[in-house]
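Enquirer: Here's the letter readout for the chains.
Number of protein chains: 2
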Amino acid sequence: MEHESDSHWGYVFKILKKSKKSQARAGVISTPHGLIHTPAFYPVGTKATVKGITPAQLNDMGIEAVLCNTYHLFLRPGDKVVKKFGGLHKFMNWPKPIITDSGGFQVFSLGLGMEHGCSKIIGKNQAGNRPAVASTDAKALADKKAMAGEGKFARITEDGVYFRSFLDGSKHFIGPEESMKIQENLGADIIFAFDECTSPYSDHEYTKEAMERTHRWAVRSLKAFRRGSSVVGRQLLFGIVQGGEFKDLRLESSKFIGAMDFDGFGIGGAFGKFKKNAKNELDWSVEHLPENKPKHLLGIGSVEDIVEAVRRGIDTFDCVTPTRLGRNGTALTEKGNLNMKSGKFALDKKPIEKGCGCYTCANFTRGYVRHLFQSGEMLAGILTTIHNLYFMEKLMKKIRKDILENRF
Amino acid sequence: MEHESDSHWGYVFKILKKSKKSQARAGVISTPHGLIHTPAFYPVGTKATVKGITPAQLNDMGIEAVLCNTYHLFLRPGDKVVKKFGGLHKFMNWPKPIITDSGGFQVFSLGLGMEHGCSKIIGKNQAGNRPAVASTDAKALADKKAMAGEGKFARITEDGVYFRSFLDGSKHFIGPEESMKIQENLGADIIFAFDECTSPYSDHEYTKEAMERTHRWAVRSLKAFRRGSSVVGRQLLFGIVQGGEFKDLRLESSKFIGAMDFDGFGIGGAFGKFKKNAKNELDWSVEHLPENKPKHLLGIGSVEDIVEAVRRGIDTFDCVTPTRLGRNGTALTEKGNLNMKSGKFALDKKPIEKGCGCYTCANFTRGYVRHLFQSGEMLAGILTTIHNLYFMEKLMKKIRKDILENRF
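Heads up: the sequence lines are chains L and R, in that order. Using this note's numbering, read the first sequence as starting at 1 and increasing by one per residue. Using this note's numbering, read the second sequence as starting at 409 and increasing by one per residue.
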């Protein structure tokens with residue numbers, strides 16, 4: 001049992017093989033709805049659906065688990081509604097493992113009412129509170145400036161976060177206890193402690209303050225989780241390491257969160273903005289986490305980042321990128337991204353990627369997919385998303401195989 | 409061989425059973441890409457895709473054939489491009505029978521650059537030409553008035569129709585010979601003679617003029633078809649009966665087209681606008697058509713209309729309604745249409761239709777589908793379209809079974 005993390009229903013995580021050259025490992029996470037073979041990538045089904053893809057198609061691709069967003073489902077249809085349908089698995093007809101995030105990230109990033117990539121910006125408003133604003137473009141930055149003075153979109157207190165719905169502006173509050181209750185109602189297999197994800201633009205002072213609050217929220221999350229019903233007892237709770245770009249804070253967070261009795265751990269933060277430092281941040285983040293527990297890197301999904309993170313001991317990933325790129329016309333291949341809208345594919349009879357075993361590549365040409373995009377057809381995004389998710393699944397299977405066969 | 413219509417590769421149409429109480433019959437159409445069991449409904453895949461649905465999903469529903477639109481494919485990606493991909497079957501990965509319309513209907517109805525339902529309006533412009541304008545709403549009518557004076561969007565001559573692309577306004581011409589060539593390039597199993605579909609607002613004089621032109625075009629279509637390559641030889645050509653709402657014209661057209669050596673027949677016209685008279689129009693249209701050849705009613709797809717038409721000897725149907733309604737939130741059921749966006753379904757755990765065997769009803773609740781529509785998710789339209797197409801397929805199977813078992 002050396003490499004196993006036990007739980008009350010058997011094991012949570014079993015390491016099957018460790019790489020000799022790095023921290024990489026291949027393992028299995030055991031959940032009430034089945035196994036997740038790691039390293040694994042979770043497609044994101046924000047609103048209880050992986051956009052444009054049926055559960056049958058996900059299953060055909062060999063996908064074992066999906067991640068849904070607590071914030072979106074809390075607002076619509078509401079976690080209590082999902083509970084009435086018997087939880088997320090029954091609601092969305094996905095009988096295999098489901099993961100939900102804590103809701104924290106979106107509370108901050110969508111408080112302003114915008115979709116965004118992986119960044120957000122923290123500033124101070126007049127009242128001394130710290131509104132968190134999502135931003136990927138100049139417009140968002142401008143909106144932030146306009147709204148920061150009001151401080152109404154997201155207000156962080158010791159209790160939790162007051163925020164407005166990105167749907168209708170209605171007022172809501174989520175703290176650690178609320179996040180646990182919402183995630184209990186949603187009923188995912190793996191849930192996350194409530195955290196505050198700071199921005200790459202945050203300074204050391206604020207990042208430290210937010211990290212310490214996240215630690216206190218972690219204690220409260222774990223406490224609320226333990227107090228839960230038997231349904232909760234069957235869920236796995238992961239704690240989240242924060243600390244921004246700062247070595248001392250990352251190490252401190254790793255030590256604090258890693259010492260707690262979580263079933264696994266998530267690494268939070270906006271790594272995308274600091275490519276150079278990201279590897280260090282990740283090294284510091286996992287430094288004090290117990291080796292025998294599963295580690296999830298939140299919101300990261302590029303091939304390069306995944307390979308680097310697996311080397312550092314990360315087991316699981318989630319990101320909207322493969323699905324979002326697919327819908328918008330970009331196909332992932334081993335030779336780089338393809339713009340499927342390009343006229344150069346008009347007469348191309350090859351599949352998106354030669355040798356790919358996905359439904360799209362087995363049955364359709366680049367020329368046809370290009371025609372569908374040009375014609376604004378739904379099937380364009382569907383077929384490209386299928387390819388991209390299969391590509392990610394194939395990538396993870398290869399990484400896993402390489403680890404198991406000592407080739408990673 | 410009493411009830412069979414022979415062709416050079418076996419039979420085109422075999423009548424297996426005739427109803428004793430009506431003209432209804434159950435049969436089989438034999439095409440190079442397989443059999444079509446009639447009565448049958450063809451889902452419409454306008455741009456070489458049934459919107460949002462993969463060929464695998466269509467196949468799972470038991471669908472045997474789809475109809476694509478010549479006009480759209482001529483403009484994009486172009487029939488020559490489709491030919492380079494080996495024809496429509498390979499292009500869209502649908503190995504079963506495909507039908508293409510003649511392009512005539514859309515040339516008239518989309519000349520103005522708008523999608524529409526089943527109507528169009530004929531008026532005279534200053535030059536004495538007769539522009540044909542599609543219209544389903546007031547805006548389209550206003551546009552018609554604005555553009556009628558120019559007569560630039562669609563100009564009908566004895567040769568054929570000059571029109572502008574609804575995509576980019578570019579100028580094009582399609583006559584009977586062009587339509588045959590385009591449909592040969594597309595390579596569908598069943599193709600249609602080039603025709604002019606008059607509007608319910610057309611008077612007797614104009615309808616007669618258009619019908620006579622359609623007859624001359626039918627002769628030219630058949631001639632061009634016969635002249636074609638061996639690929640054409642494997643296609644089936646259907647002639648189209650027109651004549652508007654007028655008894656004498658419908659009977660005349662039925663006689664003229666019915667006497668020609670087509671493999672089958674289509675009944676054209678805008679029946680939707682004249683419910684009361686539609687049954688008579690249909691009776692007149694089929695009056696002189698040979699009993700042993702297949703008959704297709706163009707663009708009709710409501711349950712009521714299909715049942716009435718099958719009674720009058722119609723074998724096959726096509727219509728965008730089931731897919732369009734599905735995408736827009738309306739589910740077809742035996743108890744009538746359901747608005748899946750309605751709040752009354754928010755907590756409804758029942759499937760869209762009890763007892764339905766479609767993928768959607770077997771796996772998802774009304775509440776989930778409603779959530780998807782409310783959230784603007786692609787899967788909403790996909791799941792409802794799947795249900796609607798399955799519903800139509802089930803309806804046709806029931807009608808067929810009833811005929812075969814003398815219960816229709």
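Keep in mind that the hints were calculated from the coordinates and are not lab data. Careful: at least some of the hints might be erroneous.
[To be verified] Residues of chain L clear of chain R, computed beta-carbon distances all greater than 12 Å: (1) Phe91; (2) Gly175; (3) Gly258; (4) Val303; (5) Gly357.
[Said to hold, decoys possible] Below, in silico cross-link-like pairs of lysine to aspartate or glutamate (DMTMM-like), each with a Cα-Cα straight-line distance of 20 Å or less: (6) Lys429(R) - Glu813(R); (7) Lys341(L) - Glu813(R); (8) Lys491(R) - Asp348(L).
[As the list claims (entries may be wrong)] Derived, one-sided and incomplete: chain L residues facing chain R with beta-carbon distance under 8 Å: (9) Lys47; (10) Lys84; (11) Met92; (12) Pro95; (13) Tyr359; (14) Asn363; (15) Gly367; (16) His371.
Glycine included, C-beta positions come from ideal geometry on N, C-alpha and C.
Enquirer: Next, verify each hint and record whether it holds.
Expert: Verification of the supplied hints:
no.: 1; hint: Phe91; verdict: violated, 6 Å
no.: 2; hint: Gly175; verdict: holds, 25 Å
no.: 3; hint: Gly258; verdict: holds, 37 Å
no.: 4; hint: Val303; verdict: holds, 25 Å
no.: 5; hint: Gly357; verdict: holds, 15 Å
no.: 6; hint: Lys429(R) - Glu813(R); verdict: holds, 13 Å
no.: 7; hint: Lys341(L) - Glu813(R); verdict: violated, 51 Å
no.: 8; hint: Lys491(R) - Asp348(L); verdict: holds, 13 Å
no.: 9; hint: Lys47; verdict: holds, 5 Å
no.: 10; hint: Lys84; verdict: holds, 6 Å
no.: 11; hint: Met92; verdict: holds, 7 Å
no.: 12; hint: Pro95; verdict: violated, 10 Å
no.: 13; hint: Tyr359; verdict: holds, 7 Å
no.: 14; hint: Asn363; verdict: holds, 4 Å
no.: 15; hint: Gly367; verdict: holds, 6 Å
no.: 16; hint: His371; verdict: holds, 5 Å
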